[in-house]
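Colleague: Here is how the chains run, residue by residue.
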Amino acid sequence: MPKTKSLPRGVAVVGAGMSKFGAFPEKNSRDLFVEAFKEMTKSVDKGLDPSVVESLYIGNFSSDQFEHQAHIAPILTDAVGLLPRPAVRVEDACASGGAALRQGVMAIASGMYDVVLVGGAEKMTALNTAQVTEALAAAADVPFEISAGFTFPGFYAAMASAYMHRYGMKSEHLMNVAIKNHDNASHNPYAQFSVTIQKWMEGRIAAAIKKGKPAPTWFTIWDFLHDEAGNPTVAWPLRLFDCSPVTDGAAAVLLVAEERMREFTDHPIHIIGSGQASDSALHDRPELTAIPAAKIAANQAFEMAGVTAKDIRIAEVHDCFTIAEVIASEDIGFFAPGEGFKAAEDGVTARNGAKPINTSGGLKAKGHPVGASGVAQAVEVFKQMRGQAGERQVTGDVPVALTHNVGATGSTCVVHVYERRN
Amino acid sequence: MEIPRHWRLKKQRYGLVGEVCPHCDAKIFPPRDVCPNCGDEAKELYTFSGKGEVYSYTTIYEAPAGYDTNAPYTVAIVKLEEGPMVTAQLTDVDNDRVEIGMPVEMVTRKMRNDGDERGLIVYGYKFRPR
Ligand SMILES: [Zn+2]
Numbered sequence: 001m002p003k004t005k006s007l008p009r010g011v012a013v014v015g016a017g018m019s020k021f022g023a024f025p026e027k028n029s030r031d032l033f034v035e036a037f038k039e040m041t042k043s044v045d046k047g048l049d050p051s052v053v054e055s056l057y058i059g060n061f062s063s064d065q066f067e068h069q070a071h072i073a074p075i076l077t078d079a080v081g082l083l084p085r086p087a088v089r090v091e092d093a094c095a096s097g098g099a100a101l102r103q104g105v106m107a108i109a110s111g112m113y114d115v116v117l118v119g120g121a122e123k124m125t126a127l128n129t130a131q132v133t134e135a136l137a138a139a140a141d142v143p144f145e146i147s148a149g150f151t152f153p154g155f156y157a158a159m160a161s162a163y164m165h166r167y168g169m170k171s172e173h174l175m176n177v178a179i180k181n182h183d184n185a186s187h188n189p190y191a192q193f194s195v196t197i198q199k200w201m202e203g204r205i206a207a208a209i210k211k212g213k214p215a216p217t218w219f220t221i222w223d224f225l226h227d228e229a230g231n232p233t234v235a236w237p238l239r240l241f242d243c244s245p246v247t248d249g250a251a252a253v254l255l256v257a258e259e260r261m262r263e264f265t266d267h268p269i270h271i272i273g274s275g276q277a278s279d280s281a282l283h284d285r286p287e288l289t290a291i292p293a294a295k296i297a298a299n300q301a302f303e304m305a306g307v308t309a310k311d312i313r314i315a316e317v318h319d320c321f322t323i324a325e326v327i328a329s330e331d332i333g334f335f336a337p338g339e340g341f342k343a344a345e346d347g348v349t350a351r352n353g354a355k356p357i358n359t360s361g362g363l364k365a366k367g368h369p370v371g372a373s374g375v376a377q378a379v380e381v382f383k384q385m386r387g388q389a390g391e392r393q394v395t396g397d398v399p400v401a402l403t404h405n406v407g408a409t410g411s412t413c414v415v416h417v418y419e420r421r422n
Numbered sequence: 001m002e003i004p005r006h007w008r009l010k011k012q013r014y015g016l017v018g019e020v021c022p023h024c025d026a027k028i029f030p031p032r033d034v035c036p037n038c039g040d041e042a043k044e045l046y047t048f049s050g051k052g053e054v055y056s057y058t059t060i061y062e063a064p065a066g067y068d069t070n071a072p073y074t075v076a077i078v079k080l081e082e083g084p085m086v087t088a089q090l091t092d093v094d095n096d097r098v099e100i101g102m103p104v105e106m107v108t109r110k111m112r113n114d115g116d117e118r119g120l121i122v123y124g125y126k127f128r129p130r
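Sequence order for the protein chains is A and B.
Note that the numbering used here numbers the first sequence so that position 373 is 373, with each residue one more than the last.
Note that the numbering used here numbers the second sequence so that position 43 is 43, with each residue one more than the last.
Keep in mind the hints are simulated off the structure, nothing from the lab.
Honestly, I wouldn't trust all of these hints.
Restraint ranges, calculated between C-beta atoms of paired labels, are given here [said to hold, decoys possible]:
| hint | chain 1 | residue 1 | chain 2 | residue 2 | range |
| --- | --- | --- | --- | --- | --- |
| 1 | A | Gly-347 | B | Pro-36 | 48 to 56 Å |
| 2 | A | Lys-310 | B | Arg-32 | 34 to 42 Å |
| 3 | A | Pro-214 | B | Gly-15 | 34 to 42 Å |
| 4 | A | Gly-47 | B | Ile-100 | 52 to 60 Å |
| 5 | A | Ala-229 | B | Asp-40 | 50 to 58 Å |
| 6 | B | Gly-15 | A | Gly-390 | 43 to 51 Å |
| 7 | A | Pro-25 | B | Ala-71 | 37 to 45 Å |
| 8 | B | Asp-92 | A | Pro-8 | 53 to 61 Å |
| 9 | A | Ala-229 | B | His-23 | 56 to 64 Å |
| 10 | A | Gln-69 | B | Glu-99 | 28 to 36 Å |
| 11 | A | Glu-259 | B | Lys-10 | 52 to 60 Å |
| 12 | A | Gln-69 | B | Gly-15 | 56 to 64 Å |
| 13 | B | Cys-38 | A | Arg-421 | 45 to 53 Å |
| 14 | A | Glu-259 | B | Val-34 | 42 to 50 Å |
List time: in silico EDC-like cross-link candidates among lysine to aspartate or glutamate, alpha-carbon distance up to 20 Å [to be verified]:
| hint | chain 1 | residue 1 | chain 2 | residue 2 |
| --- | --- | --- | --- | --- |
| 15 | A | Lys-170 | B | Glu-99 |
| 16 | A | Lys-199 | A | Asp-183 |
| 17 | B | Lys-43 | A | Asp-183 |
| 18 | B | Lys-27 | A | Glu-287 |
| 19 | B | Lys-79 | A | Asp-183 |
| 20 | B | Lys-110 | A | Glu-287 |
| 21 | B | Lys-43 | B | Glu-99 |
| 22 | B | Lys-10 | A | Asp-141 |
Idealized CB from N, CA, C, for every residue including glycine.
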C-alpha cells in the first residue's frame, strides 16, 4: 500500500451549487450544467468573476451512451463561457464526480492552478429504463458479470443477501434507510423526490380513487412498502424503494488555493483529506458484506486529514441502493461491521441523530445523475458546514464532514474529508 | 476483438477454463495472464471441475434486454472448489429453493434469447444443484 501523502498546499471550497435534480425532457447536460454553474456562482460570498477560473474537471459517466455526445468537457466549458480553459472529462462510473473533485484538489495542491471548477453532469432520462440499465451495466465486468444476466440492482442485492446471511438483517431493515432519505429530501428543494414516503403513498391512493379504481388498503407506509403493488421487487431482496432513480442533473464546486480563499469568502470549507482506491469485479473480492476500496479510501483520507470517524459530524455516502448506505456507514467507520442496519433502525443516522447520513436525501431521494452525484455530495456538506441547508440543517456545529462516492459495485471508491475552521 | 482472445473467451464460456499459476499454484478465473495472488505471469490453462457452492445470490425480477423471457431467474456468485468465485446464472432450480452454501455444478446452457441477432455470446456456463 502506498504511503499516505499529505497535500503540499491547502485547498478550499469557496462556492458550490447544483441544478434541480429530476427528469427534464426539455434539458440536456449543457442546460443542467449551466444551471449548476449559476447556482455555484451565486454561492460565492464575495462574488465570482468567472474569468479567474483556470481549469475544469468534469465528472461524467457516459454522455456517449445517454446523449450520443462524447467529448463533453469542452462542450460544457463552452456552455458556461469558460473557453479556452483546459477541461477534462473524468470517468470512474458512478464515482466520476468524486474522482473529478479529487483531480481538482490535486491540481491546486500541486501548485499548477489556484482556481479550479469541478463539475459533474449526467443526462439520463432520454433513454428508457431498459436502455439505462444496459448503459449502466457497461460499468461492470461485461463478459464475466453482465453476461450471466446480472444487473446493478442484482449486484447490490447479492451483497444484501450475503449481509443478511452473515448478520441476521431482514430486508425490512433496509426500508428504514429509504424512509429516512425521503424524509431528508422532502426538505431539499433541489431533490428529484422532495416527498416523504407517506406523501408518496397518499398520492398513489388519491390517484387510484380519482381514476375510479379500488383504493389500495395501505394504512401505514409499512403496508405500502411490503406490498408488491406499491413497492415491487426488482432483485430480491431489493425492491423499488431500495433503488436510486434515473436522474438528470449537474453540480459544480469552486476550489481555490487557501492563500487566495479570502478573495472569495470569509467562510471557506477546507478539503483536508482525499482518498481513492480501485478493486476487482464483485466475484473476485474476499467479502461481499463490505466494500474494500471504500475502507482503503476512507483510511487514506482520514490519515491525510489527521482525523478519525469519531470526528466526522455528518457524511454524504453513496446510497445507490439502501444496502449500499448500510455498508458505507460501516466502511467509513461510523459503525462496526454488522451494526449499520441497527443504527439506521435506531435513528442514529437521522438528521437529528448522533451520526447523520445523507441529509440531502442521498442518491435514493435527491436523485442519482451518476457523473454528478459525487460533486453534489460536496455541495451538501458545503451547505451544511456553513449553516445554509435550510429546513434540513442539522442542529449544532458541523466542523468536520465526509463524502463517500462509489463507482459500480466498489471497483472505485473516493472519499473526501472537509473542515470548517471559523 | 482479436481472434485469439475471442477464441479463448469462447473456450472459457463453454468449459470454465481458467489458468493455473506456475509459481504459486493459484487457480485463476477469469483468466488474466497475471496471477492476482503473486503477480507473476500465469498463462497455463486450467479446466475447473465445475463444482462449487452458492456464496451469495439474488433473484432478478427486472431483467435486462435479452434475458427478460427467463425472468424471474436467480443469479449467483459461486465459490468454486478450487478457490475462485464466478458470477453465473442458476438453472434447474426453483428460485425460492436457493440458499447460501447450496452445492452446485456447472452446465452449459443458452444464456440469452437475442444473442444471434446481436452477435452476442449465446451459450455459456450456468450452475445447477448437485
Ligand atoms: Zn501466482
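Colleague: Run every hint past the structure and note whether it holds.
Modeller: Comparing the hints with the structure gives:
1. Taken as a hint, the range 48 to 56 Å is violated for the pair Gly-347 of chain A and Pro-36 of chain B, whose Cβ atoms sit roughly 42 Å apart.
2. Under the hint 34 to 42 Å, the C-beta atoms of Lys-310 of chain A and Arg-32 of chain B, about 40 Å apart, fit the expected range.
3. A C-beta distance of roughly 54 Å is found between Pro-214 of chain A and Gly-15 of chain B, which places it outside the suggested range of 34 to 42 Å.
4. Evaluation of the 52 to 60 Å hint for Gly-47 of chain A and Ile-100 of chain B yields a pass: the beta carbon distance comes to about 58 Å.
5. Taken as a hint, the range 50 to 58 Å holds for the pair Ala-229 of chain A and Asp-40 of chain B, whose Cβ atoms sit roughly 56 Å apart.
6. Between Gly-15 of chain B and Gly-390 of chain A the CB atoms are about 60 Å apart, so this pair departs from the stated range of 43 to 51 Å.
7. Taken as a hint, the range 37 to 45 Å is violated for the pair Pro-25 of chain A and Ala-71 of chain B, whose Cβ atoms sit roughly 29 Å apart.
8. Restraint check, Asp-92 of chain B to Pro-8 of chain A: a C-beta distance of roughly 60 Å satisfies the suggested window 53 to 61 Å.
9. Evaluation of the 56 to 64 Å hint for Ala-229 of chain A and His-23 of chain B yields a pass: the beta carbon distance comes to about 57 Å.
10. Under the hint 28 to 36 Å, the C-beta atoms of Gln-69 of chain A and Glu-99 of chain B, about 46 Å apart, miss the expected range.
11. For the pair Glu-259 of chain A and Lys-10 of chain B, the supplied restraint of 52 to 60 Å holds, since their beta-carbon distance comes to about 59 Å.
12. The supplied range of 56 to 64 Å is broken by Gln-69 of chain A and Gly-15 of chain B, whose beta-carbon atoms lie about 41 Å from each other.
13. The supplied range of 45 to 53 Å is met by Cys-38 of chain B and Arg-421 of chain A, whose beta-carbon atoms lie about 47 Å from each other.
14. Distance hint for Glu-259 of chain A and Val-34 of chain B: a CB-CB separation of about 44 Å, consistent with the stated range 42 to 50 Å.
15. Simply put, Lys-170 of chain A and Glu-99 of chain B have alpha-carbon atoms about 15 Å apart, close enough for the 20 Å limit, and the pair holds.
16. At roughly 10 Å between alpha-carbon atoms, Lys-199 of chain A and Asp-183 of chain A fall within 20 Å of each other, so this suggested pair holds.
17. Using a Cα cut-off of 20 Å, the hinted pair Lys-43 of chain B and Asp-183 of chain A is violated, with the two alpha carbons roughly 54 Å apart.
18. Taking the CA atoms of Lys-27 of chain B and Glu-287 of chain A, the gap is near 18 Å; set against the 20 Å cutoff, the hint holds.
19. Distance hint between Lys-79 of chain B and Asp-183 of chain A is unfulfilled; the C-alpha atoms sit about 40 Å from each other, more than 20 Å.
20. As the CA atoms of Lys-110 of chain B and Glu-287 of chain A are separated by approximately 29 Å, the hinted pair breaks the 20 Å bound.
21. A hinted pair counts as satisfied when its Cα atoms are at most 20 Å apart, and Lys-43 of chain B with Glu-99 of chain B does not qualify at roughly 34 Å.
22. The suggested pairing of Lys-10 of chain B with Asp-141 of chain A holds, with an alpha-carbon distance near 16 Å, which does not exceed 20 Å.
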